[in-house]
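Read top to bottom, the protein sequences are chains A and B.
Using the working numbering, you'd call the opening residue of the first sequence number 1 and step up by one each time.
Using the working numbering, you'd call the opening residue of the second sequence number 1001 and step up by one each time.
Derived by calculation from the structure, the hints in this document are not laboratory data.
Hints may contain errors.
[Claimed, not checked] Derived DSSO-like pairs: lysine-lysine, alpha-carbon spacing no greater than 27 Å straight-line:
no., chain 1, residue 1, chain 2, residue 2
1, A, Lys77, A, Lys60
2, A, Lys52, A, Lys77
3, A, Lys103, B, Lys1011
4, A, Lys68, A, Lys103
5, B, Lys1078, A, Lys103
6, B, Lys1017, B, Lys1078
[Unchecked claim] With beta-carbon atoms standing in for the labels, derived distance ranges:
no., chain 1, residue 1, chain 2, residue 2, range
7, B, Phe1066, A, Ser14, 44 to 50 Å
8, A, Thr5, B, Gln1050, 27 to 33 Å
9, B, Ser1005, A, Thr12, 33 to 39 Å
10, A, Glu42, B, Tyr1018, 27 to 33 Å
11, A, Lys52, B, Pro1008, 37 to 43 Å
12, B, Gln1050, A, Asp54, 26 to 32 Å
13, A, Lys68, B, Gly1053, 32 to 38 Å
14, B, Ser1087, A, Asp54, 40 to 46 Å
15, A, Val82, B, Gly1040, 19 to 25 Å
16, B, Arg1064, A, Lys68, 35 to 41 Å
17, A, Ser14, B, Tyr1018, 48 to 54 Å
18, A, Glu16, B, Ser1005, 35 to 41 Å
All C-beta atoms in this analysis are idealised placements derived from N, C-alpha and C, irrespective of residue type, glycine included.
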Amino acid sequence: GDSVTQMEGPVTLSEEAFLTINCTYTATGYPSLFWYVQYPGEGLQLLLKATKADDKGSNKGFEATYRKETTSFHLEKGSVQVSDSAVYFCALSPGYSTLTFGKGTMLLVSP
Amino acid sequence: GAGVSQTPSNKVTEKGKYVELRCDPISGHTALYWYRQSLGQGPEFLIYFQGTGAADDSGLPNDRFFAVRPEGSVSTLKIQRTERGDSAVYLCASSLTLSEINEQFFGPGTRLTVL
Chain A
1 GDSVTQMEGP
11 VTLSEEAFLT
21 INCTYTATGY
31 PSLFWYVQYP
41 GEGLQLLLKA
51 TKADDKGSNK
61 GFEATYRKET
71 TSFHLEKGSV
81 QVSDSAVYFC
91 ALSPGYSTLT
101 FGKGTMLLVS
111 P
Chain B
1001 GAGVSQTPSN
1011 KVTEKGKYVE
1021 LRCDPISGHT
1031 ALYWYRQSLG
1041 QGPEFLIYFQ
1051 GTGAADDSGL
1061 PNDRFFAVRP
1071 EGSVSTLKIQ
1081 RTERGDSAVY
1091 LCASSLTLSE
1101 INEQFFGPGT
1111 RLTVL
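Make a model of the complete structure from these sequences and hints.
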């Protein structure tokens, strides 16, 4: 079945550091790919998405590119802030609406 | 406008009891989803509705779990004979229509603890 694997956390960075959170997937066909974020005490929010190969999703300085050849959708940000501290979930949707999530990666950014 | 709301926010029950968890989707959203998130895991799909009908209930773990959406808006997830393994955060989400291109908006969740 479909699955998403993302790097284990926590990822601990200093403010202004470069961020990469790795995400790879297994799916039949051509799923849409998503990154969701969960800030402390809040619900899941969509951060960005890409619906086909080579698409780049971007939002709030975060980017991820849909790489079909490596079945990956790594999340990157050039300069993280303390306010980016949260749990990040990579997810896929196989062509209808249900989402399959990874286990989540906690990001901790210190001043 | 208001987001997805879920009640109660916390529910503590004893093993063997029956519980109901409620979800109020965003007004006008026809698709509604239930997920379950165990500690340290990502959300796992349970069931989704398009309008009043369950379009896919393949994620429900067993026949103790049931969900309804009788008027195409509010949904209730029902769990009979609760077990300790049912303890988790139950998340509800809604989207404008049943399509992967429509963003799913998540509620804050109901934390269920079965003692």
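Do the hints match the structure? See the list:
1. Distance check on the hinted pair: A:Lys77 and A:Lys60 sit about 9 Å apart at the alpha-carbon level, within 27 Å; holds.
2. The straight-line distance between the Cα atoms of A:Lys52 and A:Lys77 is roughly 21 Å, inside the 27 Å bound, and the hint therefore holds.
3. This hinted pair checks out: A:Lys103 and B:Lys1011 have alpha carbons roughly 24 Å apart, not beyond 27 Å.
4. Distance check on the hinted pair: A:Lys68 and A:Lys103 sit about 21 Å apart at the alpha-carbon level, within 27 Å; holds.
5. Taking the CA atoms of B:Lys1078 and A:Lys103, the gap is about 25 Å. The hint holds against a cut of 27 Å.
6. Of the pairs offered as hints, the one joining B:Lys1017 and B:Lys1078 holds, with about 11 Å between alpha carbons and a cut-off of 27 Å not exceeded.
7. For B:Phe1066 and A:Ser14, the Cβ-Cβ distance of about 49 Å falls inside the hinted range of 44 to 50 Å, so the restraint holds.
8. A C-beta distance of roughly 30 Å is found between A:Thr5 and B:Gln1050, which places it inside the suggested range of 27 to 33 Å.
9. Evaluation of the 33 to 39 Å hint for B:Ser1005 and A:Thr12 yields a pass: the beta carbon distance comes to about 34 Å.
10. At roughly 30 Å, the beta-carbon separation of A:Glu42 and B:Tyr1018 lies within the given 27 to 33 Å, and the hint holds.
11. Separation of A:Lys52 from B:Pro1008 is about 40 Å and conforms to the stated range, judged on CB atoms against 37 to 43 Å.
12. In this structure, B:Gln1050 and A:Asp54 meet the distance hint of 26 to 32 Å, their C-beta atoms being roughly 31 Å apart.
13. At roughly 34 Å, the beta-carbon separation of A:Lys68 and B:Gly1053 lies within the given 32 to 38 Å, and the hint holds.
14. The hint said 40 to 46 Å for the Cβ distance between B:Ser1087 and A:Asp54, and at roughly 42 Å that hint holds.
15. The hint said 19 to 25 Å for the Cβ distance between A:Val82 and B:Gly1040, and at roughly 24 Å that hint holds.
16. A beta carbon spacing of about 40 Å between B:Arg1064 and A:Lys68 agrees with the range 35 to 41 Å that was offered as a hint.
17. Restraint check, A:Ser14 to B:Tyr1018: a C-beta distance of roughly 50 Å satisfies the suggested window 48 to 54 Å.
18. At roughly 37 Å, the beta-carbon separation of A:Glu16 and B:Ser1005 lies within the given 35 to 41 Å, and the hint holds.
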